[in-house]
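Once you've looked at the hints, dock chain B against the given chain A.
There are 2 protein chains.
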Amino acid sequence: MKNKEAFYLEQVEEALARALPEPKAADLQGTVIRAMRYSLLLGGKRVRPMLTLAFCELCGGSVEQAIPFACAVEMVHTYSLIHDDMPCMDNDDLRRGKPTNHKVFGEAMALLAGDGLLTKAFEVALSGELKAEIAASGTRLLASLAGDQGMVGGQCIDLEADGKSVDLTTLQEMHSKKTVALIAAACSLGCIAAGGTEQQLEAARRYAQGIGMAFQIRDDVLDVLGSPEKLGKNVGVDEKLQKRNYVSLLGVTEAQRLVEEYTGKALTALKDFSGNTEFLRAFAESLAVRER
Amino acid sequence: MKNKEAFYLEQVEEALARALPEPKAADLQGTVIRAMRYSLLLGGKRVRPMLTLAFCELCGGSVEQAIPFACAVEMVHTYSLIHDDMPCMDNDDLRRGKPTNHKVFGEAMALLAGDGLLTKAFEVALSGELKAEIAASGTRLLASLAGDQGMVGGQCIDLEADGKSVDLTTLQEMHSKKTVALIAAACSLGCIAAGGTEQQLEAARRYAQGIGMAFQIRDDVLDVLGSPEKLGKNVGVDEKLQKRNYVSLLGVTEAQRLVEEYTGKALTALKDFSGNTEFLRAFAESLAVRER
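If you read the sequences in order, they're chains A and B.
Under the numbering used here, the first residue of the first sequence is numbered 4, with each subsequent residue one higher.
Under the numbering used here, the first residue of the second sequence is numbered 4, with each subsequent residue one higher.
For reference, chain A alone in the conformation it holds in the complex:
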């Protein structure tokens, strides 16, 4: 799995840098391009584009076929981080240990850099050698899962839940839009790029749902395990804890049980594929026990 991961990662990094070249000396808008590149090429786990490549290969396609969609999904993810970090949203100064986009380029330029990356995502998604039907249907799916019925909708739910207690249904709806939707886009787009069947697409969505929810709930578990004194004080009874994560709603044991249940669902979904699922299986399993 490690070799495969390193290979995918290398392909993704190269393709992203190629998709958004450095500005030419004569470009008067060089700053916004540099701001876009700053966040896009900052590294990161590249979870989403790797999933696109893996599902494309699993459905019999090539890495090259999947590259435009893979880059597009990562650009959508990156724009959402830039805008999320802005002062009017989460007001974060650091991202992956580096100053956030608006800290380096200013708020106005960060806003434009996010807008530019979101726009570029759709240009790149439509830029490959894929058949027009495939390019168009994949790109439309990406837009629908990234927009008000998907990721942007989830951010709205998150924003309005800020400082409030929410029930489990709301929490699940929030994560299924905010996080799972783009992971589902990543997996589905791999299948679409390869010309996969409807059954494969449906299985890819179930896998995405499984690892997406497991990823999110594991996040909440790590939040608590990361600070044991907080654990003792907050879990179960402390009313000051915002009831908007799985641990505060269910307790740490039940939350981790859910992580494993969702991971199991992802692994089950892989059984619908006849190809080599080793990478995707190991990937799902590693998310369930990750420590950071």
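Honestly, I wouldn't trust all of these hints.
Given that identical chains are not distinguished, each listed pair holds provided it fits within a single copy or across any two copies.
[What the hints assert, rightly or not] Calculated lysine-lysine pairs in the DSSO-like style (CA-CA distance at most 30 Å, straight line):
hint, residue 1, residue 2
1, K27, K167
2, K106, K7
3, K5, K274
4, K7, K274
5, K106, K167
6, K5, K27
7, K106, K274
8, K48, K106
9, K134, K106
10, K7, K167
11, K268, K106
12, K134, K268
13, K27, K274
14, K106, K5
15, K167, K274
16, K5, K167
17, K7, K27
It should be emphasised that the hints constitute simulated quantities derived from the structure, not laboratory data.
Predicted model, so just to flag it, every value in this text is computed and none were measured.
Okay, now just chain B, sitting in the frame of chain A:
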């Protein structure tokens, strides 16, 4: 022309409202959808989508064929206004006589509403009954003209020119990206929707270039004519006037002459079409003498 304009306007307003329906009661992300609708359905001249419809008809297509592209272009325009009005950009409180999006919904929600509209634009562009080749190539063109090489690039140039004197070349580059690019997208997408020829596309781009520049320079002329005491004080000699508009660089007479020159270029471009160009001719002429 007035009848045609009213007809186009009605088609556009109906299609926009249909493309972004009111949230259902169960939608937890209703607020962002309401914020998107607030700005999208606020009215306005609908210059861009009307151009898309008119060029589609001129190239032998139907209004219905052009509607997805027309809505997409207007959504891109609307998102750019929402983000432009935000405190970190122009910090405007009013738009078309109504409170700006962030004044009504707050900054974070306005940011999301803009992101949602930009995303929706690409979903809608790919949603019609057009052949996949046409949908994909039109949508890719929209993305390239709206992004860092087009509108977003122009906004970056504008931002960096703020408070500085710029030369005529920079001014033209700024407007050709910030304003003309999306108008060119609007005109081109009409031709593409109709399956127009390469020659028609090229003529549509020349028309767009002509009316786009004329529109922008007329804006600068009106700025000055609108306040005569400012005219006497500022034009030509006053060093305090930011040298970043056509009147301050060229004087009002030469600027208006340029408006007419660009309008003439737009009218010449129409000669390459064999269909009825009456609407587009009258449209170009009206822009050159508009008073607001």
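Against the structure, test the hints numbered earlier, and report the numbers of the ones violated in rising order.
-> 2, 6, 7, 9, 10, 11, 12, 13, 14, 15, 16 and 17
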